[in-house]
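Peer 1: Below, each chain spelled out in residue letters.
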Amino acid sequence: MTAAKKPDYQALHAELDEIVTALQQDDHDVDLALQQYARGLQIIKQLESYLKTAENTVGELKATFSE
Amino acid sequence: MTEVTLDNDLELNVSDFVALLNQTMEYAYPGVIITGELANLRVSKNRWVYFDLKDENSSVKFFGTVYQLPGPLEDGMMLRVRGTPKLHNIYGFSVTVMSIQAAGEGSIKRAAQLLQAKLQAEGLFEPARKRRLPYAPQRIGLVASKQSAAYADFMKILDARWGGVQIDHIDVQVQGEPAPRQIVAAIEQFNGLAAPPEVLVLIRGGGSPEDLAAFSTEPVTRAVAASRIVMLVAIGHEVDVCLAELAADQRASTPSNAAELLVPDRRHELQALAATTERLQQLGQRRLSQATEQLLLQKQQLDQLVQLRLERLKSSLAAQRGLLTALSPAAILQRGYAIVRLGNQVVRQTKQLKPTDKVSLQLSDGQVNATITE
Chain A
1 MTAAKKPDYQ
11 ALHAELDEIV
21 TALQQDDHDV
31 DLALQQYARG
41 LQIIKQLESY
51 LKTAENTVGE
61 LKATFSE
Chain B
68 MTEVTLDNDL
78 ELNVSDFVAL
88 LNQTMEYAYP
98 GVIITGELAN
108 LRVSKNRWVY
118 FDLKDENSSV
128 KFFGTVYQLP
138 GPLEDGMMLR
148 VRGTPKLHNI
158 YGFSVTVMSI
168 QAAGEGSIKR
178 AAQLLQAKLQ
188 AEGLFEPARK
198 RRLPYAPQRI
208 GLVASKQSAA
218 YADFMKILDA
228 RWGGVQIDHI
238 DVQVQGEPAP
248 RQIVAAIEQF
258 NGLAAPPEVL
268 VLIRGGGSPE
278 DLAAFSTEPV
288 TRAVAASRIV
298 MLVAIGHEVD
308 VCLAELAADQ
318 RASTPSNAAE
328 LLVPDRRHEL
338 QALAATTERL
348 QQLGQRRLSQ
358 ATEQLLLQKQ
368 QLDQLVQLRL
378 ERLKSSLAAQ
388 RGLLTALSPA
398 AILQRGYAIV
408 RLGNQVVRQT
418 KQLKPTDKVS
428 LQLSDGQVNA
438 TITE
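Listed in order, the protein sequences are those of chains A and B. Here the numbering used here is used: the first residue of the first sequence is 1, the next is one more, and so on. Here the numbering used here is used: the first residue of the second sequence is 68, the next is one more, and so on.
Hint data in this document are derived by calculation from the structure and do not stem from the laboratory. Among the hints, erroneous ones may be present.
Which residues of chain B face chain A? A partial, calculated answer using Cβ under 10 Å [what the hints assert, rightly or not]: (1) 138; (2) 186; (3) 249; (4) 258; (5) 346.
Keep in mind the model is a prediction, meaning the values are calculated, not measured. Idealized CB from N, CA, C, for every residue including glycine.
With the rest of the complex left out, here is chain A (with noise of 0.2 Å):
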């Protein structure tokens, strides 16, 4: 039993932390900024849909326990 590869949710936020925290420097170069922005908005999207759509789901495990 694998679990499926799917989107990683703490890994899109951190990223989008970063992109806050560097935006938040007045010194940031402009068109790195403008990059940074357009990815963050992108970001925001992927985690909103995960968030909306993304379900759980169960598998059994066979148990080897001998009754």
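Chain B: place on chain A using the hints.
Peer 2: Relative to chain A, chain B alone:
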């Protein structure tokens, strides 16, 4: 040798009687459960256990092994023992133990107290052993009864709060005699997986002390403490505290609370994301405004620099013009000087002249002639 007498009574030798009685009891009572007060508990060679169960009128002997003990016991406790009655060919009648459980609230509590003291002394409940729960794990191992309300509550809260989690479930009995063995086996099975889940959750809903007793047994408590997977245990209601919960990395007050401790609430996350979106837009806007302001400032600085440079050039030019004017011959004549010429030559020294020489004097407004007299 069996002989049938006239009144149909059996006549047997001792060994045959023992064999026949055991056969009969085995057929009639393959297993019996006897509840009574523990007396004369004795452990031999750290392996064999002998004790009596008694009530007001009777006393019965039991024989078993230390591995069947639910934990430390003491005389006076009420026990519920499953076993098979047997007549030993030398030592007489006893019940061979199959399992032992504390019975009655008082005895269950006392058994738990004794076990708790023992395991506490071993350090199984030490705060230093506790590991941090993974937050929003992608894979959870769940040990619970599928038919239980606890299972339904856990799944319901998990589904309501979060998505994308893979739950691997092992269905176990959570009360009764098989429960401890099944729970231990399930915990060990998860721990034996090549790719174990990030967290192992053991849950059961509320119940009487007897119902919850499995979660305070020594094997279950030890299995929880020994788990290499981080363990979250939620048994019964908030007020019920089982030894397995004390040994766990974290205890949840209820199965629903267990789900709450594991994953965030997606509604809160969505709200937080909306706030982050707004913040991101503000930051992007601010950065653009800053860049625009900076550009404007630079333009002003540039304008000022050019203006200053022009002013300096103008000023320098005016000074040069003044100097030039001051140095011109006309300006010198204006100040009262005259240019003396003898013929076409400018006279600079007196020795160039002698009496009677006719010279011309150029003044600022014209020229006059003169004669040298001496």
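Peer 1: Each of the hints needs a verdict: does it hold here or not?
Peer 2: These are the hints, each one checked on the structure:
Because the closest C-beta pair between residue 138 of chain B and chain A is about 20 Å apart, greater than 10 Å, the hint is violated. Interface hint status for residue 186 of chain B: violated, as the beta-carbon distance to the closest one in chain A is roughly 23 Å, over 10 Å. Given hint, residue 249 of chain B at the interface with chain A, holds; its Cβ is 5 Å from that chain's nearest Cβ, closer than 10 Å. A cut of 10 Å between beta carbons decides the hint on residue 258 of chain B: the least distance to chain A is about 12 Å, and the hint is violated.
The interface hint given for residue 346 of chain B is met, as the beta carbon of that residue sits about 6 Å from the closest beta carbon of chain A, less than 10 Å.
Hints 1, 2, 4 from the earlier list are contradicted by this structure; the remaining hints agree with it.
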